[in-house]
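Starting from the structure of chain A, add chain B where the hints point.
In case you want the letters, here they are:
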Amino acid sequence: MSQDLGLWTVPLAVIGGAIRVSTPFLFVSLGETITERAGRINLGLEGTLVFGAMAAYATAVVTGSPWAGVAAAGAAGAGFGLLHGLICSLPRVNDVAVGIALMLFGIGLAFFLGKPFIQPSAPPLPAIPFGFWSDLPQVQAALRVNVLFLVGAALSVALWWAFRHTKAGLVVRVVGDSAEAARAMGYSVTRVRVLATMAGGVLAGIGGAYLSLYYPGSWNEGISSGQGLMAVALVIFARWNPLACFGAALLFGGAGALGPALQSVGVSSGYYLFYAAPYVLTLGLLVATSSPDRALAGAPGELGLSR
Amino acid sequence: MVADTAASRIAVVPRRPSAAVQVMAWLARRTEAVAIPLGAVLVGLALFSLFLLALGKSPAALVDLVWRGGFSSAFALQNSLQRAAPLLFAALCVALPARLGLVVIGGEGAIMLGGLAAAVVAPPLSAAPAPLVVGAMALAALLAGAVWIGAVGALKAYRGVDATIASLLMSYIAIAIANHLIEGPLRDPTSLNKPSTLPVGDANMLGPMPGLGVHWGLGAGVLACCLAWLLMERTTLGFSARIAGGNVRAAQIQGLPVRRLIVGFTALGGACAALAGFFEVAAVQGNANATLAAGYGFTGILVAFLARHNPLAIPPVALALGGLEASSGLIQRRMQLPDATILVLEGLLFLCLLVGETAYGRFKIFSPHLWASKKEAAA
Numbered sequence: 003m004s005q006d007l008g009l010w011t012v013p014l015a016v017i018g019g020a021i022r023v024s025t026p027f028l029f030v031s032l033g034e035t036i037t038e039r040a041g042r043i044n045l046g047l048e049g050t051l052v053f054g055a056m057a058a059y060a061t062a063v064v065t066g067s068p069w070a071g072v073a074a075a076g077a078a079g080a081g082f083g084l085l086h087g088l089i090c091s092l093p094r095v096n097d098v099a100v101g102i103a104l105m106l107f108g109i110g111l112a113f114f115l116g117k118p119f120i121q122p123s124a125p126p127l128p129a130i131p132f133g134f135w136s137d138l139p140q141v142q143a144a145l146r147v148n149v150l151f152l153v154g155a156a157l158s159v160a161l162w163w164a165f166r167h168t169k170a171g172l173v174v175r176v177v178g179d180s181a182e183a184a185r186a187m188g189y190s191v192t193r194v195r196v197l198a199t200m201a202g203g204v205l206a207g208i209g210g211a212y213l214s215l216y217y218p219g220s221w222n223e224g225i226s227s228g229q230g231l232m233a234v235a236l237v238i239f240a241r242w243n244p245l246a247c248f249g250a251a252l253l254f255g256g257a258g259a260l261g262p263a264l265q266s267v268g269v270s271s272g273y274y275l276f277y278a279a280p281y282v283l284t285l286g287l288l289v290a291t292s293s294p295d296r297a298l299a300g301a302p303g304e305l306g307l308s309r
Numbered sequence: 002m003v004a005d006t007a008a009s010r011i012a013v014v015p016r017r018p019s020a021a022v023q024v025m026a027w028l029a030r031r032t033e034a035v036a037i038p039l040g041a042v043l044v045g046l047a048l049f050s051l052f053l054l055a056l057g058k059s060p061a062a063l064v065d066l067v068w069r070g071g072f073s074s075a076f077a078l079q080n081s082l083q084r085a086a087p088l089l090f091a092a093l094c095v096a097l098p099a100r101l102g103l104v105v106i107g108g109e110g111a112i113m114l115g116g117l118a119a120a121v122v123a124p125p126l127s128a129a130p131a132p133l134v135v136g137a138m139a140l141a142a143l144l145a146g147a148v149w150i151g152a153v154g155a156l157k158a159y160r161g162v163d164a165t166i167a168s169l170l171m172s173y174i175a176i177a178i179a180n181h182l183i184e185g186p187l188r189d190p191t192s193l194n195k196p197s198t199l200p201v202g203d204a205n206m207l208g209p210m211p212g213l214g215v216h217w218g219l220g221a222g223v224l225a226c227c228l229a230w231l232l233m234e235r236t237t238l239g240f241s242a243r244i245a246g247g248n249v250r251a252a253q254i255q256g257l258p259v260r261r262l263i264v265g266f267t268a269l270g271g272a273c274a275a276l277a278g279f280f281e282v283a284a285v286q287g288n289a290n291a292t293l294a295a296g297y298g299f300t301g302i303l304v305a306f307l308a309r310h311n312p313l314a315i316p317p318v319a320l321a322l323g324g325l326e327a328s329s330g331l332i333q334r335r336m337q338l339p340d341a342t343i344l345v346l347e348g349l350l351f352l353c354l355l356v357g358e359t360a361y362g363r364f365k366i367f368s369p370h371l372w373a374s375k376k377e378a379a380a
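The listed protein sequences derive, respectively, from chains A and B. First residue of the first sequence? That's 3 in my numbering, and the numbers climb one at a time after it. First residue of the second sequence? That's 2 in my numbering, and the numbers climb one at a time after it.
So that you can see chain A by itself, here it is in the shape it has in the complex (with noise of 0.2 Å):
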């Protein structure tokens, strides 16, 4: 018994869509948010993401639990986030450039390990039905809200704290704004940097989980179409603010939730152009917000990526 909403479709769909899409843009940012605070960039966080969605997919087949298939993600990326920081702790050693390398690596790995994992299905993980309170089944389904999506924004608002006020989110800083005075502090660059990519390995594996356990909620080879990197272009528009990651992850989501959303009240023309509107929108905005002569606002002074 739907009622016709008529042209309503289209942005409560795109709303709910926002919250849907956006937590893996939003897992991937904040992780990458960490590194970069660090002085590191970390590229490869795009196949950590896939990695992710394998292991998380994988272990929730075989356990039945797909909270286990988070914590198999968060695993995963601690691994790849480690291998990155390890590797560029090697002096002359690009971390764009092994960030690319373990992109590649890291989705081919998760293709040739998850090719069991096509057919099977995976228990989902579950969401909170905010909208009760109405009748009409698309504002209900608009309101499904994921679990992981509700700890994501508290983790926005707790990295925002942690790095104004813990003496942890004080050295990461110090560590990405000044590898000397971190020194002179007596603070191990190199330590900081390696764990610090873990964090954000960690998260990005997470956001991973979420693509294969909740929405769209399969595994295939098909499961990211370079959400990670847009989580990283996301970051610099973001000026490497947690609370501001969240707000730009909601506006990636609807951005991605525009094809679909369209799509469902029948616009079927176009459909790859709409599947691009992310990327057109992130390549918008990295245009806008960047500057070809001085170091972007709020930037880490040690990032390659702003120098």
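Simulated from the structure, these hints should not be mistaken for lab results. Heads up, the beta-carbon is just placed ideally off N, CA and C, and yes, glycines get one too.
Computed footprint of chain A on chain B; a stretch qualifies when at least three of its residues, placed anywhere within it, have a C-beta under 8 Å from a C-beta of chain A:
| hint | stretch |
| --- | --- |
| 1 | 295 to 303 |
| 2 | 354 to 360 |
If you want the ones that stay clear, here's a sample from chain A, every Cβ over 10 Å from chain B, calculated:
| hint | residue |
| --- | --- |
| 3 | Pro128 |
| 4 | Phe132 |
| 5 | Phe134 |
| 6 | Ala143 |
| 7 | Arg146 |
| 8 | Phe165 |
| 9 | Leu172 |
| 10 | Val191 |
| 11 | Arg193 |
Relative to the frame of chain A, chain B by itself:
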């Protein structure tokens, strides 16, 4: 670096080294540039063998299948060379901007757009003589690729947008636009199962190279690599680009047109990648369709890094990886391994190669100064 300063401290009175010493020093440097990537590849292969052993598969069987599938017979070699051709162009799309310190990874999109541009200009010109049509197709592809990747360079030069991220986003956008056009406005209504553009016409197809049985993309690609080497190593332009890639500020103080260099080199790289698309359409497919995005752009990144962005090293590396990918089907069937096996191996090789970067200058045996001082001691 340490060896440098130590040697300069010992050599108080600078003497002109003899020719033999110069040759030895040159040889030592060259050997290092070959030995370290080769060593990294061997380490990568060893790690991959362990991975296979852990899965209960035989690494020796894999090597045998790669040899049989990629190199052992004339037919296998033809197949490998056919796959190497687009890799040559895709690798140049990475190697040329790399001279300026830019990591461009969006070649896949330029290949797709180049192929589409080539396929689009052919049908309206169907009355024209074949060489003219083929020339127009190549030109259209060159322009499309140059504009697309050149735009990445322009964004970097004039807006400071990171070229790695921008090029990948541009690649996704290019593939989306191309798929939209191929399935929509430009679709050949008779292509039912596999949406394609109108065929370019049999008369306009490029034949094989005489004696090789491989299409002309291979010859053109090798030529493009040679020309790129000349541009990089033997022209003022290439030298300026190297300075700008090493130190932007120094280049600006020297009055070098850094921004125009960036746009020029990225546009040239894009044009190269687009040629891969042109040859796929004009020599293999006969029209533009979704299979143009077959991953050559991504393998090309690996080829360029393995060749250390040296255009003359690109053809042998492209042949090796072309052979590896040509044997993929055989590996799948005979060893019951997934098609991603080659991806895992390629990723592992890429990682080992980058780790190897740290080894340069670490081995005394490759130090030109070691050879210089030995000779002097003997004399």
